[in-house]
Amino acid sequence: MSSYLRPLYMALVHAFKRTFTVKYPFEILQPAERYRGRIKLNMDKCIGCGVCSYICPNRAITLVEHEGRKYPQLDYGRCCFCGFCVEYCPRAALEHTQEYEIAAYTKEELIYSPLKMAEPAKPFDRRIVTVKGLDSKLGPGHG
Amino acid sequence: MNLPISLPTLPNIPGLPPIPLPVLPPPFDVLIEFMQTSEFMEFAVELSLKLLVFPGLAFIMLYAMLAVWGERKLHARIHLRIGPYHVGPIFGLFQLVADGIKLLGKEIVTPERSHKFFYHLAPVLIMSLSMITLAFIPFFPVGPGEYWTIYYSEYSLLIILALFSLRPFIMIMAGWASNNKYTMMGAMRAAFQLLAYEVPLMLSMASVVILAGSFDLAKIVESQANMWFIVPCFLGFIVFFISTMAEICRRPLDIIVAEQEIVFGPWTEYTGMEYGLIMMSEYVDVAIASFLTSILFLGGWHGPGLHPLVWLLIKMGILSMFFMIGRSTWPRLRIDQLLDAGWRKLIPLALVQVFIAIVLVYVLKVIVV
Amino acid sequence: MPIRVAWGIQHPMSGHLTLYLDVDGDIVLNTEADVGYTHRGLEKIAEYRNFIQYVPVIERACDFDASNFALGYVRAVEALMGIEVPERAKYLRVIAAELSRIMSHLYAQALLSMTGGFETMTVWSANDRELILDLLERLSGARVTHTYIIPGGVRADIPKGFKEKAYDVLNYLERRIWDYYKMLFQNKTFQDRTMGVGVLSKQDAIELGITGPNLRASGVDFDVRRDDPYEAYDKLDFEVVVEKEGDSYARALVRFYEIAQSIKIIKQALKDLPEGPIRCKTPPMLPRGETYTRIESGRGELGVYIVGSGTNKPYRLKISAPSFRNLAGLVYLCRDIPMGDIPVIYYSLDILLLDVDR
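Protein chains in written order, with our numbering: chain A, 64 to 206; chain B, 4 to 372; chain C, 2 to 359.
These aren't lab readings, by the way, just hints derived from the structure by calculation.
All C-beta atoms in this analysis are idealised placements derived from N, C-alpha and C, irrespective of residue type, glycine included.
All clues stand as given, with none of them false.
Here are some of the chain A residues that sit facing chain B, going by a computed Cβ distance under 10 Å:
#1 TYR67
#2 PRO70
#3 LEU71
#4 MET73
#5 ALA74
#6 LEU75
#7 HIS77
#8 ALA78
#9 PHE79
#10 LYS80
#11 ARG81
#12 PHE83
#13 THR84
#14 LYS86
Using the sequences and the hints, build the whole thing.
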């Protein structure tokens, strides 16, 4: 009999704990420092060598002409956010930001030209929550 | 003929003779005369109050709204989630309204080779069946020997039992008319399950009838004035609770609507407002089951101090909450385990309860019928 | 008169697998499995990617257990090249692999409780999986497909504050999984649903080629981490969980106890982490030759067979996926059972169609 009633007791105990919900999109979960988000280009440092294009597993990066020099153009429809281009760039011209909300309505909008890639990271404009309080009485929660 | 009332006439236009309205042949003139008497007017007002306010349309809508909100909130809090949040004053109270509007906007699909008449009839019937059952339950006394019920009958418990027995037919109708292998199998399982749990239902009701001495629900409540029937009939209470949970197909005994996990059993092919009707009928069923349990075992409207209706609603609310907690606490039973529980475990318990009731009334003469 | 039902793809509970069932009343007489819905040609893609570029691709072969699959492939490449990674990298790889294993087992438990209509356990397991994903995000940079283990070592060292956070999460999780035990494994209805269902005897399990926790639930005491140790497992102290009954309850229980063992391994690895480099140089080309290596992933034994060609792309890569072997067990078990048992057996064997089809 107790094996029928113990789950009932546990369920009722949990009804009074903290909720674990992140109220996305009104709140956002804090990404880690080394989160691999959108890739940002530093146009002064780029030398147009093409290593990023060579190493990309999905061939998402192609080099295009812009003001006489070659810069990478990234197709986010193909990018898998592995970060090899950032790691293998010899001049550290590419870096990860923490943005990940880059959805678009058409596939052409997803191809980021070098100027668009050079845009700085937008700061988060919503309330940021982190996982906190791993207290086993109240349970984990976001706050 | 001489009528004690005057028939209405058209207004006087100067210059023309007074034109009376046409005299209706019998029996219509007698009918109109009857409808203008005060007894009929009182009866009509009371009936429309019962049909539209309590226990009719307004109560069902309000209860369904609260039940949907409460169930989803409770279910969510047990899961450490929030539940309905955006629609309504206290965090999602009007979720049923939002869902209803959404369902009204969806297209009602008829499968190609289904039997159209029975396919569209089934959800209407299941909703009507649930609501008709509410017509026979007495809710509170309004005078000596008079109760607030849509139709007062001395055999109201038998009528409600008969209405419970009609449910498998409607499920089979829906499952067969949908022209789908899954729904047909689901309908067969529904028939097995509902049939299996009718016998413990009847037997646990029988123990209450023996203690009370009549099939009339109002008299059953009156005879609990001193002691609620849950005290001598505790086993019967348990059996009745589980049987009603199986009859209205509530989790954890709802394998037929979770056929191979969530292809929804006999109701698979329904969309739009027909699906809405089926969902509503589930909540109305929970209301009926809570009302029946509190009337048969928990003393109905008896209680110190407050108005009888308030007591009935409090008891019914607490029982509804128990139906809803069961949804998140236990996994579903498989169909053969369900049938096994119904035939082999609940019937002996109910028979023991009937035996105890007979002993208490006729042998020990402890309870006077 | 048996009718043929497609327990198929367009079904809320079937995953990506089609099972053709011959059903008579409520009893399933016979099944046929029809796989291939998510075939992406990963083995052929390997011939057109060099060995570093292929790591993100192999992680997508099974994205709930990503680091273990990557580890299998990377070990095969390193065995072909004949290099050995530094000690610190070995311990970091063990940490990533064990975190990935906990993730996979929690997800398997979530899916198994979903089959009983028990959404409570699903949501609780998914909640706690969030904490592990948070740890993995701090370590590697992404939640699910980590791309952390590459040929030569690992990509980055542990960040500041990782050890304290990891100890917090792991201590909490060690206490929390006993809540699961009380809610799920001691729940009479769950026991009714899974005990005695889908029993694999020891002889059957060995003959069919079942691997992983399913094998250990049938009484066979075999674990690649202990019997054929790789990375730093020979220096770490853990137990191999074995149960005897071989039914679905035993399989779920083995996974549950393995979560506790993985927590123990991670704590030891964090404590014993040696100093040193995290990456070593690899030769630029794959030498000619062929090797076969195996590791223990969350679902079972993963074997990778690679044929080097002298260039930096392999000539042939063959992945022997654990779920493919367990699928034979599913087809063998789904005979003469009531139909409500099929989801329970399917999810207790922890078959994910992504690595059946690759």
